[in-house]
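**Q** Going down the list, the sequences are from chains A and E.
Reminder that position 56 of the first sequence reads as 56 in UniProt numbering, one-by-one numbering, no gaps.
Reminder that position 45 of the second sequence reads as 45 in UniProt numbering, one-by-one numbering, no gaps.
It is possible that part of the hints are untrue.
[As the list claims (entries may be wrong)] Listed next, the in silico SDA-like pairs over lysine to any residue satisfying Cα-Cα at most 25 Å (straight line): (1) A/K102 to E/V52; (2) A/K102 to E/L43; (3) A/K67 to A/G77; (4) E/K219 to A/R12; (5) A/K102 to A/V84.
[As the list claims (entries may be wrong)] Covered by chain E, according to a simulated footprint, are these stretches of chain A (three or more residues, beta-carbon under 8 Å): (6) 124-137; (7) 213-220.
Note that these hints are calculated values from the structure, not bench results.
Quick reminder that beta carbons are idealized off the backbone N, C-alpha and C, glycines included.
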Amino acid sequence: MAAPRSFVWSRRIFLTLLTGFVLLPVYVMLSSSLKPLQDVSGEFRWLPSGLTIRPYIDIWSTVPLAKYFVNSLIVAGAATVLSVAIAIFAAYGVSRYRFRGKRLFTVTVLSTQMFPGILFLLPLFLIYVNIGNATGIALFGSRLGLILTYLTFSLPFSIWMLIGYFESVPRDLDEAAMVDGNGPLGALFRVVVPAAVPGIVAVAVYAFMTAWGEVLFASVMTNDTTRTLAVGLQGYATQNDVYWNQVMAASLVVSVPVVAGFLLLQRYLVAGLTAGAVK
Amino acid sequence: MTVTAEPAVGKEAPPGATGPAPRRRTGRVRRIALPYLLLLPALLLELLVHLVPMVIGIVMSFKELTQFYIRDWGSAPWAGFDNYSLSVDFDAPIGKALLHSFFVTCAFTVLSVGLCWLLGTTAAVYMQENFRGRGFLRAVFLVPYALPVYAAVITWAFMFQRDNGLVNHVLHDQLGLTDSPSFWLIGDNSFVALLVVSVWKGWPFAFLIVMAGLQNIPKELYEAASIDGAGMLQQLRRITLPSLRPVNQVLVLVLFLWTFNDFNTPYVLFGKAAPEAADLISIHIYQSSFVTWNFGTGSAMSVLLLLFLLVVTGVYLVLTSRGRRAADV
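Model the full assembly from the supplied sequences, consistent with the hints where possible.
**A** Below is the structure:
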């Protein structure tokens, strides 16, 4: 059945307006990043008076952007690997076995989703300082501390999503693998994990994105050497001036890797979110 | 979506794999212990990053924790319920500000979640059927979701600048709607600015989830309905929206919790102290703890916030699942 003309037109208008709304900041980011400083300090212009790539060169020296980039990469990468690895075992345990405390575990994991991040900020800060005083392991201000902190966000979500995903893998498959002489872990890694690759990719993408974009803990728990992009980007605003063209160029540079990765993997993410959320 | 699982099913057993027969006793012990072993890493981490901090947070809320005691917080004097009574004394400045912030957050959350849901659902319904450019649009709509929060919000902050921002350029210079360029990041307008950014950032998630939910509605339902002469609006009302009910139940709850607890957006948009009109609760608590250095009161406020969220979530789940059961009958 062909849709009526009125429907097609209302769809066109709505989707065009929405696209404009969505892309407006992207346009501002891109166009401003190619403008000379006097263009972004005065009245806004839709079109640059002259194109320049100067901001893209200057961003690396105005603030140590490369260092922040590496820090973000290490922290987000490690948090992702850790939370995915831990979540795989936990989700397998929950989806394949009956045991005492199973419900308590899943309810606890789920309910941590609702806790405001601010609730953990100060206690974690105190714990890290105490551990540091007691053992000499510097957690506060270190990358390790930040990595552990980021698990607060990604781990519960990863476990929750992977449980849904593993449950959609037919149990017969891993039971067959166990009959064939694999242990439970063999079945997990030979059958369940390969079958759940889309879900695992989705979880990894999500974990990486949250860690890459986190601001609150990054601004309290980092120092000069461990600062991440989330905090470092504020360095383009000096007391006298904000280098808006450089801010926009840097924003674009730090966004491109995640947006590109996300769009490449979005098929998996959508599939994963569906399995997790629609159930 | 299809998930194939051909790899490895038929391969030979690895050397040293545990056979089921010979040692039955250890086998059983292992089977009972195994799920716990699988959960162990997750349990330990959950303990470290969630449960212990939460307990400490609750203990702290009963202490008189100012900057003098921060090095050795255990020695801070007990405050009993002082921090709580201070937080809920709505006639005094601290309680008054907290109550104000709470109402601002409620209004903000209702509006933001409502708009996100509306935009996401409308877009998903419009894109339910295939048309040229659908895949491209879908990718475009996911951009706000994929952009790192700070990069996106900094760009919005730039757009909302009074003198060199796009918003005033369009509203004042080009359309002449305002007499003079307005402030967007301070004063009453800041609520609007925050709302716009929050909706821009949040609606694609609703879009994603609703789109996924729409895929699960059988096509035959629509075919049967159109044979019966139901128009598009009737199909929307009778088939699409009721079928989305379970999806919406989760979606609205998740959006609510995220929006209510959102810290990143106001923090990047306004900095450490949000303007009064946009003083969201999480940034308010942050300011109460880290700017005025009164961690005990900040913790008490966090615990109150958590209790509120628990109650709302509980009531919501009871109400929606009852509604769903009634709808099924």
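**Q** Each hint: holds or not?
**A** Comparing the hints with the structure gives:
{"no.": "1", "hint": "A/K102 to E/V52", "result": "holds (20 Å)"}
{"no.": "2", "hint": "A/K102 to E/L43", "result": "holds (12 Å)"}
{"no.": "3", "hint": "A/K67 to A/G77", "result": "holds (15 Å)"}
{"no.": "4", "hint": "E/K219 to A/R12", "result": "holds (23 Å)"}
{"no.": "5", "hint": "A/K102 to A/V84", "result": "holds (20 Å)"}
{"no.": "6", "hint": "124-137", "result": "holds (count 4)"}
{"no.": "7", "hint": "213-220", "result": "holds (count 6)"}
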